[in-house]
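J.: Sequence:
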Amino acid sequence: MTWGEFKSTLEENPDLHLQFEYEAGKFVDSSYHITEIKQAPIVSVDCGGVMNSWTEVIVQLWEPSVKEVERAMKVGKALKIVSLVEKSLQLNPNAVVKIEFGNSKFDTRQMYPGEFITDEEAFTVNLVPDFTQCKALTRNQSCGTSPADASCCGPADKKEEPQLVVVGEEASCCTPGGGCC
Numbered sequence: 013m014t015w016g017e018f019k020s021t022l023e024e025n026p027d028l029h030l031q032f033e034y035e036a037g038k039f040v041d042s043s044y045h046i047t048e049i050k051q052a053p054i055v056s057v058d059c060g061g062v063m064n065s066w067t068e069v070i071v072q073l074w075e076p077s078v079k080e081v082e083r084a085m086k087v088g089k090a091l092k093i094v095s096l097v098e099k100s101l102q103l104n105p106n107a108v109v110k111i112e113f114g115n116s117k118f119d120t121r122q123m124y125p126g127e128f129i130t131d132e133e134a135f136t137v138n139l140v141p142d143f144t145q146c147k148a149l150t151r152n153q154s155c156g157t158s159p160a161d162a163s164c165c166g167p168a169d170k171k172e173e174p175q176l177v178v179v180g181e182e183a184s185c186c187t188p189g190g191g192c193c
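Per the working numbering, the very first residue in the sequence shown carries number 13; after that it's consecutive.
Source of the hints: derived by calculation from the structure; they are not laboratory data. Since the structure is predicted, the reported quantities are computational estimates derived from the model, not experimental observations. One should not assume that every hint holds.
Restricting the straight-line Cα-Cα distance to at most 30 Å, the calculated cross-link-like pairs of lysine-lysine (BS3-like) are [unchecked claim]:
hint: 1; residue 1: Lys147; residue 2: Lys86
hint: 2; residue 1: Lys99; residue 2: Lys38
hint: 3; residue 1: Lys50; residue 2: Lys89
hint: 4; residue 1: Lys86; residue 2: Lys19
hint: 5; residue 1: Lys117; residue 2: Lys89
hint: 6; residue 1: Lys92; residue 2: Lys19
hint: 7; residue 1: Lys19; residue 2: Lys38
hint: 8; residue 1: Lys99; residue 2: Lys117
hint: 9; residue 1: Lys147; residue 2: Lys89
hint: 10; residue 1: Lys147; residue 2: Lys79
Have a look at the derived ranges for each label pair, beta carbon to beta carbon [what the hints assert, rightly or not]:
hint: 11; residue 1: Ala52; residue 2: Lys147; range: 33 to 41 Å
hint: 12; residue 1: Glu132; residue 2: Val57; range: 26 to 34 Å
hint: 13; residue 1: Arg83; residue 2: Glu24; range: 29 to 37 Å
hint: 14; residue 1: Gly37; residue 2: Gly88; range: 33 to 41 Å
hint: 15; residue 1: Pro53; residue 2: Asp131; range: 13 to 21 Å
hint: 16; residue 1: Val62; residue 2: Ser95; range: 22 to 30 Å
Beta carbons: idealized from backbone N, C-alpha and C, even for Gly.
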């Protein structure tokens, strides 16, 4: 999902309470703060030697150690924070949006907004985990410069055990009773 799509969806629901579900039935505490919004240009070279680039907008959530409120902030308040950020940093509407969150029972990670659920009072963003991938394999190519069956993502090569080969006069000196020991 792009930042533009995410922001537009928020703008359609300004009066609802914004909550985030990070695991089935587990929600970011209602006292959360939006501590920062980051824009990260990513440039990488994958294992197939292809350069990739994209931009991410990362919304960081933080839970205070003491519960401060019973209800999560309204979407409108979150949009005011976005507006404040956008006065200093023009956020790319085509950037991939991620939500960064963690607490004492859930390691900090970046997740994607998945399903949006609205009811009379709340706008819930269901978060789905980020994942790793081999971009070369998704292009039906191999990793590196070798054929697919020898690539880092293919099956491992079978290793043959080295064999001792003895030639000439040396062959007789290392036989039992040959006097080499």
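J.: So, for every hint listed, does it hold in this structure?
T.: Verification of the supplied hints:
Proposed proximity of Lys147 and Lys86 is contradicted: the alpha carbons are some 39 Å apart, above 30 Å. The hinted pair formed by Lys99 and Lys38 fails the criterion: a straight-line CA distance of about 33 Å is larger than 30 Å. Between Lys50 and Lys89 the alpha-carbon distance is near 18 Å, which keeps this suggested pair within the 30 Å criterion. Of the supplied pair hints, the one linking Lys86 and Lys19 holds, its CA atoms being roughly 14 Å apart against a limit of 30 Å.
For a cut-off of 30 Å, the pair hint linking Lys117 to Lys89 stands: about 27 Å separates their Cα positions. The straight-line distance between the Cα atoms of Lys92 and Lys19 is roughly 12 Å, inside the 30 Å bound, and the hint therefore holds. With a C-alpha separation of about 23 Å, the suggested pair Lys19 and Lys38 falls inside the 30 Å cut-off, and the hint holds. With a CA separation close to 35 Å, the supplied pair Lys99 and Lys117 exceeds the 30 Å bound.
Taking the CA atoms of Lys147 and Lys89, the gap is near 38 Å; set against the 30 Å cutoff, the hint is violated. As the CA atoms of Lys147 and Lys79 are separated by approximately 42 Å, the hinted pair breaks the 30 Å bound. The given range of 33 to 41 Å is broken by Ala52 and Lys147, whose C-beta atoms sit roughly 18 Å from each other. Between Glu132 and Val57 the beta carbon distance is about 49 Å. The supplied range of 26 to 34 Å is therefore violated.
A hinted range of 29 to 37 Å for the beta carbons of Arg83 and Glu24 is inconsistent with their spacing of about 20 Å. Remark: the range hint 33 to 41 Å for Gly37 to Gly88 is contradicted by a beta-carbon distance near 26 Å. For Pro53 paired with Asp131, a C-beta distance near 37 Å fails the hint of 13 to 21 Å. Hint check: Val62 to Ser95, Cβ distance near 37 Å, so the stated range 22 to 30 Å is violated.
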